[in-house]
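A.B. asks: Here the sequence shown is numbered in this note's numbering, starting from 1 and rising by one per residue.
Bear in mind the hints are in silico, worked out from the structure with no lab data behind them. One or more hints might be untrue.
Cut-off 30 angstroms, straight-line C-alpha distance, at most; resulting in silico cross-link-like pairs (DSS-like, lysine-lysine) [to be verified]:
1. LYS258 to LYS150
2. LYS176 to LYS222
3. LYS253 to LYS150
4. LYS176 to LYS223
5. LYS260 to LYS150
6. LYS150 to LYS261
Per label pair, the in silico range of CB-to-CB distance [what the hints assert, rightly or not]:
7. ARG201 to VAL75: 23 to 29 angstroms
8. HIS164 to ARG201: 44 to 50 angstroms
9. LYS150 to PHE243: 16 to 22 angstroms
10. ASP119 to GLN257: 54 to 60 angstroms
11. GLU178 to GLY240: 30 to 36 angstroms
12. ASN69 to ALA96: 39 to 45 angstroms
13. VAL75 to GLN257: 49 to 55 angstroms
14. ARG149 to PRO205: 19 to 25 angstroms
15. ASP93 to ALA193: 19 to 25 angstroms
16. ARG68 to ARG144: 30 to 36 angstroms
Positions of the beta carbon are idealized from the N, C-alpha and C atoms, including for glycine.
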Amino acid sequence: MKIMRFQWILGLPFLIWLIIGTTAWAQPEASVETSAHKISDTVQSSRPKSLTFTASTDQRFFFFSDTRNANNRRVPVSVYGVRAGFLFPPQHDRPALRGGRSASFKAGAGFYFINQRLDEPGLLPNTSESVTRHLRIATVYYERYLFRRKAFEVSMPIEFGYGHSRYERDDDQLNKHEVARGIFLPLGVGVAAAYQFPTVRWLRPLHWFGLNILTGYRFILKKDIPDSQINYTGFYISVGPSFFLENLTADIKYWRQKRKKR
Numbered sequence: 001m002k003i004m005r006f007q008w009i010l011g012l013p014f015l016i017w018l019i020i021g022t023t024a025w026a027q028p029e030a031s032v033e034t035s036a037h038k039i040s041d042t043v044q045s046s047r048p049k050s051l052t053f054t055a056s057t058d059q060r061f062f063f064f065s066d067t068r069n070a071n072n073r074r075v076p077v078s079v080y081g082v083r084a085g086f087l088f089p090p091q092h093d094r095p096a097l098r099g100g101r102s103a104s105f106k107a108g109a110g111f112y113f114i115n116q117r118l119d120e121p122g123l124l125p126n127t128s129e130s131v132t133r134h135l136r137i138a139t140v141y142y143e144r145y146l147f148r149r150k151a152f153e154v155s156m157p158i159e160f161g162y163g164h165s166r167y168e169r170d171d172d173q174l175n176k177h178e179v180a181r182g183i184f185l186p187l188g189v190g191v192a193a194a195y196q197f198p199t200v201r202w203l204r205p206l207h208w209f210g211l212n213i214l215t216g217y218r219f220i221l222k223k224d225i226p227d228s229q230i231n232y233t234g235f236y237i238s239v240g241p242s243f244f245l246e247n248l249t250a251d252i253k254y255w256r257q258k259r260k261k262r
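Assemble the whole structure, with the sequences as input and the hints as a guide.
C.D. replies: As structure tokens, this is what we get:
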């Protein structure tokens with residue numbers, strides 16, 4: 001318990017820095033609305049004058065300490081979620097960011113859920129049965145861009161969350177008895193890389209899509225069931241297709257402006 005309290009004390013300054021820093025850097029206009037990049041037929045590289053809305057689905061594979069196979073190796077657990085936030089325009093030139101979406105960082109919130117069957121009895125105190133756990137996690141994130149060259153970019157996401165857990169014992173298909181519930185606080189740090197397909201004049205929707213890879217580590221500042229063997233600390237990875245909502249909104253504005261000129 002002393003270790004957990006010490007980790008939580010360490011986490012407070014970071015959270016305060018994140019909130020103050022994001023507020024100071026953002027400097028949004030009085031009326032915040034979705035802003036699109038001015039797109040040429042080849043490269044999307046102009047600097048937005050206001051915040052740009054962005055959203056995406058997010059599926060990750062977590063390697064929890066309490067989920068292992070017969071060889072005592074961690075096995076991945078699928079975590080599903082969605083993220084939404086804003087791209088913040090750069091306040092000054094950064095040599096590492098050339099071309100592509102003109103943004104210094106993005107920040108926002110996410111929501112994730114897990115429904116997992118634990119076949120290893122005894123993870124919870126005073127229980128000898130297998131249980132099903134249900135996790136619901138709300139997060140805030142800050143993701144700074146480290147590198148960008150046209151369609152390729154690298155960023156570092158930092159996340160802090162508030163999670164709720166509930167554990168049930170299945171007596172049969174109809175009767176489910178809750179055996180425990182709790183609250184936990186996760187903190188995650190990772191590195192993400194994304195590639196968006198190039199813009200094609202006769203097929204602009206192609207650059208709405210791309211590929212994304214994310215890897216990182218999650219720390220638990222506060223456990224939900226302190227006396228249990230449940231532990232969500234561990235490595236995570238995500239690889240798959242990506243949809244860039246900000247490119248879609250940018251194209252919509254581009255088409256509207258083109259139609260007005262006609």
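A.B. asks: Hint by hint, work out which the structure violates, then give me just those numbers in ascending order.
C.D. replies: The structure conflicts with hint 7 only, although it agrees with all the remaining ones.
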